[in-house]
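Novice: What follows is the residue order along each chain.
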Amino acid sequence: MPPENLPGAALTLRGLRKTYPGQTAVDEVDLDVRSGEFLTFLGPSGSGKTTTLNMVAGFVAPTAGSITMDGQDLLALPPHRRGIGMVFQNYALFPHMTVFENIAFPLKQRKYSRDRIRTEVASALEQVSLGGFGDRLPKQLSGGQQQRVAVARALVFQPRLLLMDEPLGALDKNLRESLQAEIRRLHRELGITFLYVTHDQEEAIALSDRVAVFDRGRIQQIGTPDELYDRPATRFVASFLGEANIASGEAEGERDGTVAVKVDGGVLRAPGSAAAGASVCVVTRPERIRLEQRRGAAGLNRVSGPIVDLAYLGSSVRLRVEHAPGHSTVMRAPAGTLPPCAVGDTVTLAWDPRDSVLLPDSPSSTTPHPTKGMPS
Amino acid sequence: MATRYRGIEHPLRGGWLLVPALAFLAVFFVYPLAMLITRSFTEFRETEAGVGPFGNYLWFFANDANVTILVRTFTTALIVTAVTVLVAYPYAYVMTRVSARWRMVLLAIVLLTFWTSLMVRNYAWLILFQRNGLLNALLASVGLGPVEILGTLPAVVIGMSQILLPFMLLPLYASLSSIDRGLVLAAQSLGARPSVAFLRVYLPLSAPGVAAGGLLVFVLALGFYITPAVLGSPQNSLFSQLIVTQVSDLLAWGRGGAMAVVLFLVTVAMLGLFWLISNRRELPSPLRARGGRS
Amino acid sequence: MSATRVRDPERNSGAVWRVLQVISGIGALWLLVPMLIVIPMSFTGSRSYRFPPESWSFRWYENIVTDDRWLSALGTSLLIAVIVAVVATTLGTAAALGLSRIRIRGAQVLNGLFLSPMILPVVIIGVAVYLVFLNFRLVNSPGGMVLAHTVLATPYVVVAVAASLRGFDTTLERAGASLGAAPLRVFLSVTLPIIRPGVLAGALFAFIASFDELVVSIFLVGPSVRTLPVQMFTSVAQESDPTVAAVSTILMVSTAIILLLVVLAQRSEPRRAP
Numbered sequence: 001m002p003p004e005n006l007p008g009a010a011l012t013l014r015g016l017r018k019t020y021p022g023q024t025a026v027d028e029v030d031l032d033v034r035s036g037e038f039l040t041f042l043g044p045s046g047s048g049k050t051t052t053l054n055m056v057a058g059f060v061a062p063t064a065g066s067i068t069m070d071g072q073d074l075l076a077l078p079p080h081r082r083g084i085g086m087v088f089q090n091y092a093l094f095p096h097m098t099v100f101e102n103i104a105f106p107l108k109q110r111k112y113s114r115d116r117i118r119t120e121v122a123s124a125l126e127q128v129s130l131g132g133f134g135d136r137l138p139k140q141l142s143g144g145q146q147q148r149v150a151v152a153r154a155l156v157f158q159p160r161l162l163l164m165d166e167p168l169g170a171l172d173k174n175l176r177e178s179l180q181a182e183i184r185r186l187h188r189e190l191g192i193t194f195l196y197v198t199h200d201q202e203e204a205i206a207l208s209d210r211v212a213v214f215d216r217g218r219i220q221q222i223g224t225p226d227e228l229y230d231r232p233a234t235r236f237v238a239s240f241l242g243e244a245n246i247a248s249g250e251a252e253g254e255r256d257g258t259v260a261v262k263v264d265g266g267v268l269r270a271p272g273s274a275a276a277g278a279s280v281c282v283v284t285r286p287e288r289i290r291l292e293q294r295r296g297a298a299g300l301n302r303v304s305g306p307i308v309d310l311a312y313l314g315s316s317v318r319l320r321v322e323h324a325p326g327h328s329t330v331m332r333a334p335a336g337t338l339p340p341c342a343v344g345d346t347v348t349l350a351w352d353p354r355d356s357v358l359l360p361d362s363p364s365s366t367t368p369h370p371t372k373g374m375p376s
Numbered sequence: 001m002a003t004r005y006r007g008i009e010h011p012l013r014g015g016w017l018l019v020p021a022l023a024f025l026a027v028f029f030v031y032p033l034a035m036l037i038t039r040s041f042t043e044f045r046e047t048e049a050g051v052g053p054f055g056n057y058l059w060f061f062a063n064d065a066n067v068t069i070l071v072r073t074f075t076t077a078l079i080v081t082a083v084t085v086l087v088a089y090p091y092a093y094v095m096t097r098v099s100a101r102w103r104m105v106l107l108a109i110v111l112l113t114f115w116t117s118l119m120v121r122n123y124a125w126l127i128l129f130q131r132n133g134l135l136n137a138l139l140a141s142v143g144l145g146p147v148e149i150l151g152t153l154p155a156v157v158i159g160m161s162q163i164l165l166p167f168m169l170l171p172l173y174a175s176l177s178s179i180d181r182g183l184v185l186a187a188q189s190l191g192a193r194p195s196v197a198f199l200r201v202y203l204p205l206s207a208p209g210v211a212a213g214g215l216l217v218f219v220l221a222l223g224f225y226i227t228p229a230v231l232g233s234p235q236n237s238l239f240s241q242l243i244v245t246q247v248s249d250l251l252a253w254g255r256g257g258a259m260a261v262v263l264f265l266v267t268v269a270m271l272g273l274f275w276l277i278s279n280r281r282e283l284p285s286p287l288r289a290r291g292g293r294s
Numbered sequence: 001m002s003a004t005r006v007r008d009p010e011r012n013s014g015a016v017w018r019v020l021q022v023i024s025g026i027g028a029l030w031l032l033v034p035m036l037i038v039i040p041m042s043f044t045g046s047r048s049y050r051f052p053p054e055s056w057s058f059r060w061y062e063n064i065v066t067d068d069r070w071l072s073a074l075g076t077s078l079l080i081a082v083i084v085a086v087v088a089t090t091l092g093t094a095a096a097l098g099l100s101r102i103r104i105r106g107a108q109v110l111n112g113l114f115l116s117p118m119i120l121p122v123v124i125i126g127v128a129v130y131l132v133f134l135n136f137r138l139v140n141s142p143g144g145m146v147l148a149h150t151v152l153a154t155p156y157v158v159v160a161v162a163a164s165l166r167g168f169d170t171t172l173e174r175a176g177a178s179l180g181a182a183p184l185r186v187f188l189s190v191t192l193p194i195i196r197p198g199v200l201a202g203a204l205f206a207f208i209a210s211f212d213e214l215v216v217s218i219f220l221v222g223p224s225v226r227t228l229p230v231q232m233f234t235s236v237a238q239e240s241d242p243t244v245a246a247v248s249t250i251l252m253v254s255t256a257i258i259l260l261l262v263v264l265a266q267r268s269e270p271r272r273a274p
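Residue numbers (our numbering), protein chains in the order written: chain H, 1 to 376; chain S, 1 to 294; chain L, 1 to 274.
Incorrect hints may appear among the rest.
[Said to hold, decoys possible] So, partial list: chain S residues that the calculated Cβ filter (under 10 Å) puts toward chain L:
#  : residue
1  : Gly14
2  : Ala21
3  : Phe41
4  : Leu70
5  : Val71
6  : Arg97
7  : Met104
8  : Leu118
9  : Asn132
10 : Leu153
11 : Ile179
12 : Gly223
13 : Tyr225
14 : Leu250
15 : Thr267
16 : Val268
These are computed hints drawn from the structure, not numbers from a lab. As the structure is a prediction and not an experimental result, all values here were calculated from the model. We treat Cβ as the ideally placed atom computed from N, Cα and C, and that holds for glycine.
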């Protein structure tokens, strides 16, 4: 790995589309990836994120649109001349080559001298803490070690853009977390641009500078993890990132910059504006909701009902209240802050309307967690 | 005292299931082979009597006609193997890359050939190669021929290759379709041109399939009897025909047995060679890795 | 868009692809054409192999029915093949099960022994069997034919059943035992239904191995036992008799129908997890 930090490449996608007979995999994707940033494509399988990544790598030719890297037209180049590093989902380590030969492969294609290959591969192995493993075959390594070899191989020729396609998908949770830390460290040290694909929202939040949420071939929203979590732009983003209470209903009227929405089991208010009669939904994160012990301030959103589920999750407690038949609201509070309560107790949940987000209702979205929050 | 249950993990549990098949093979397969081998050391024609136990083998190798036929059989088997590899590799590769419908069609053609009676296939070539048959009719239509192909070695090679092609195709297709396409893409993302990606990644990964299919075809070709008998002629006969002649026509059990042993040893040697090579690539020792590095 | 755009690497196109397609096409024709020309040949009107035939007739099909050499050869072949399939399937299935259960050093050697009749040049087996069967009075006897064919057919059953056993989860047998089933009961109601496709495939292989056998049969035939391939072989060797073409056509059509039935049966059967 180079001691000097090469600047990362800036990538621009414009009007990118890929259609297969009978289906559109990617539809009108516009995206600017900044130099040196860590950007993640997040979405369920079949949402177009991997197809988009493959178009950047050159494995899939777009039906329409353009891809440029630092102003250069990438679509004019075959994959082997794009100079982009890629870590594949199942690592794609060559099973008939040793670790050393795998990592030396891109350097041989670039006609490096034998001595230079030896030193570059050795330092790449050191970089991923696998010094001394050069003579092993891939199948003699653990999953985590294989993953690190794949990273070393993709970085050894000093690309300015690294693509990673679900690189941690096959690993168990503990290993995943420690490798996430390693990937963050590499990104910090190398300063190159990382484009990362995952369906795991926790991974996306933990790693990324910015996240692009994909659904049905389109980018639904791009933003920092905070922005996506606190101000989701669509119902899909709200449900895909973290846990959300999503209550659908009909807008009744606007007052003081908030809209009253008639939902099952009551009326909820949320900031924004909507025409009376419009189908909307109110999105509220569980940790914004409190258990009301005595009647508090006016103007709060309130729902009441019996507790149907109570779960201790270590540092926090999760409480589900059925506020209307078949509809429930979930709240979460730090452990020890709740008064004693049990399943079956009738309680009232309350929160500030400003902690809710008003969104147009779009029930056709591929909702990945249909049981979460309030079913519409 | 009650007998103890041996437990489900006992290393010989279920071993008795092997007994009937082993007994059957011992009597009707191993014993006949042993008898044949014994005969090759004990039964002699007058000319070899008194030469010692290896009389039949000395006769075999002293006789130029025998050695010629052995070499011819070897070369024929090699050519047949090469032809089947050259046709089967593209065919199997195309099978892995086309739509499911076309794959079914290509596979159906192979399976239909594979399952059709061997005698039918030999007979089909016999008809095709007739002096007034389809081949010469086609040649005549472009102003060539007629050629006298029936009874020649090329006729035998063409027929044998077609008959053995499915034996090459089926293992090769299994091998090619198990190769991860992602590896070729990975090679390209690392800077390899498509041709380099094929030569450095795809081809080495398909080598075990080629070797397995090639070995099968070669070993089967060494023992071919019907096709050379139907499509060839006594002037270019192959090894199996020689054995049959010695045993059936001349009742020379010693000589026939010695020849069978020679063919057997050649076959075993090929299998052993293959085993050695295929096991060496598995060796994860530092020795192999160093070899790859330099 | 721009003309410099590179083609999709995952799309099949380009000169190399075209060459591969052409070679595959030649391969397909090479496999099919010789067999297909047997069909018109079977309807020729004259006793010759001239192609295309000058006149047409059904006389060679009539000949199969009227000349009892052909019908009796077919009957002998079918009978022997059925017996061989039953015996070889029993022996081979038991052997494959046994092989999958023992964990001793010799297992690989035993496996090699079971497969060797498949790899060894048939002519060697033919000569050896002929030598011994002469003494046992098993030449020119249907029983001898069955025994020799069973030697050749058993490996196919072992291979097919062993393949279906590779994906077999032995915890199912333990579950059966823990639920109170005796070993034989476990085999019949748990193991056998799961490996059934392998056993059936093995039986089919064994049947065809016998029905199609020619080299060993040539040594063992005689006036009282003559199989169909031997009848075809001698007929081809002695005279140009288009009856062989008619028989070949019938065999090919039967093969195609059986193949189709097997494919359809596999389709209709719900996929079992491997």
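Novice: Next step is simple, just say for each hint if it's right about the structure.
Specialist: Each hint tested on the structure:
At about 3 Å, the closest approach between the beta carbon of glycine 14 (chain S) and any beta carbon in chain L falls short of 10 Å, and the interface hint on this residue holds. Hint status for alanine 21 (chain S) relative to chain L: holds, with the closest Cβ pair at about 4 Å, below 10 Å. Checking phenylalanine 41 (chain S) against chain L by beta carbon gives a least distance of about 14 Å; that is not within 10 Å, so the hint is violated. A hinted interface residue such as leucine 70 (chain S) counts as satisfied when its beta carbon comes closer than 10 Å to some beta carbon of chain L; here the least separation is about 13 Å, so the hint is violated.
At its closest, the beta carbon of valine 71 (chain S) sits 17 Å from a beta carbon of chain L; the interface hint therefore is violated under the 10 Å criterion. At about 6 Å, the closest approach between the beta carbon of arginine 97 (chain S) and any beta carbon in chain L falls short of 10 Å, and the interface hint on this residue holds. Annotation: methionine 104 (chain S) was flagged as interfacial toward chain L, and the flag holds, the nearest CB pair being 9 Å apart, inside 10 Å. For the restraint placing leucine 118 (chain S) at the interface with chain L, the shortest Cβ-Cβ distance is roughly 6 Å, inside the 10 Å limit, so the hint holds.
For asparagine 132 (chain S), the interface hint holds, the least distance from its beta-carbon to any beta-carbon of chain L being 4 Å, beneath 10 Å. Of the supplied interface hints, the one on leucine 153 (chain S) is violated, with its beta-carbon coming no nearer than about 18 Å to a beta-carbon of chain L, more than 10 Å. Because the closest C-beta pair between isoleucine 179 (chain S) and chain L is about 15 Å apart, greater than 10 Å, the hint is violated. Annotation: interface hint on glycine 223 (chain S) holds; nearest CB of chain L at approximately 2 Å, less than 10 Å.
Hint on tyrosine 225 (chain S) holds. Least Cβ distance to chain L is approximately 5 Å, under the 10 Å limit. For the restraint placing leucine 250 (chain S) at the interface with chain L, the shortest Cβ-Cβ distance is roughly 12 Å, beyond the 10 Å limit, so the hint is violated. Given the 10 Å rule on beta carbons, the hint for threonine 267 (chain S) holds: about 6 Å separates it from the nearest Cβ of chain L. Look at valine 268 (chain S): its Cβ gets to within about 9 Å of chain L, closer than 10 Å, so that hint holds up.
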